[in-house]
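*Asks:* Sequence:
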Amino acid sequence: MTGESVSSRVFRLLDAFSETKPALTLSELSTLADLPLSTTHRLVAELTDWGGLTRGADGRYRIGLRLLAIGSLSPGSLSLRERAMPFLEDLYEATRQNVQLAVRDDLDAVYLERISARGAVSILTRVGSRMPLHATGVGLILLAHADDDVRERVFAAPLERFTAKTISTTKQLRETLAAARRDGYVVSDRQIEMITQSIAAPIRDASNTVIAALSIVVPIETDAHTLVPAVRAAGHGISRAMGWRPKALRR
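Last residue of the sequence shown? That's 251 in UniProt numbering, and every number before it is there in order.
Worth flagging that the hints you see were computed from the coordinates, not collected in a lab. What you are looking at is a predicted structure, and each value in this text was computed from that prediction instead of being measured. Glycine included, each C-beta is placed from N, C-alpha and C at the ideal position. Do not rely on the hints blindly, as some may be mistaken.
Cβ pair distances, simulated, as ranges [stated by the list, open to error]:
id	residue 1	residue 2	range
1	P86	R182	51 to 59 Å
2	G64	V6	30 to 38 Å
3	S79	P229	20 to 28 Å
4	M194	A230	20 to 28 Å
For lysine to any residue, the following SDA-like pairs were computed, each having C-alpha atoms within a straight-line distance of at most 20 Å [said to hold, decoys possible]:
id	residue 1	residue 2
5	K171	D147
6	K171	D149
7	K171	E113
8	K171	A156
9	K171	R190
10	K171	R153
Required output: the full structure, derived from the provided sequences and hints.
*Replies:* Below is the structure:
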């Protein structure tokens, strides 16, 4: 690691955390970041003093509030979340199910917001978590409207399977994306868990670019198509709040 910058080492430490490993010991951080224990101890101490990490009573380190606050300032995310919340809350109140907001980061959907009722069906996602684009409702919407090179990269890579219903062939994925662009929504059927399905719709900005997606996740027994109008209306409402106008009103 000779010649490696301090910032690169810090980035490797932060990259050690994940949805499946949100809390790590000093030795685990050292191993995952491939850094000497002494270097890890020094950098972790500095990050903790700054507020980027926090040390729990169990001795494990977690991402601190300082980093979460900075993350909320990423381009467009704060504005998007603030403008989306009234519509997400309305959709939640009308359905009492899981309502989610996500954006694309490379080949993943990253969840910016989630509202869930206590009695809603259990789901795996949470704020800040990631899922591959092909396997979720929001991901399919984001991939359907992504640049061609993004879609080609997904087509060229193995499609991770979570259940027997996860989209697993390029042909099936191409057909699903074409339908999502044509219909303005997508139903993701039991792709992540066999007990859930999601209905997702796009969110556009003033330039008519799809910048995010929202979804509602419901039990598989629910007739998903009865929720399509509500999900699309919420997507249109957020889009209008972001400056989008229907084609007929554009000049």
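*Asks:* Hint numbers the structure violates, sorted upward?
*Replies:* Those not satisfied are hints 1, 2, 7.
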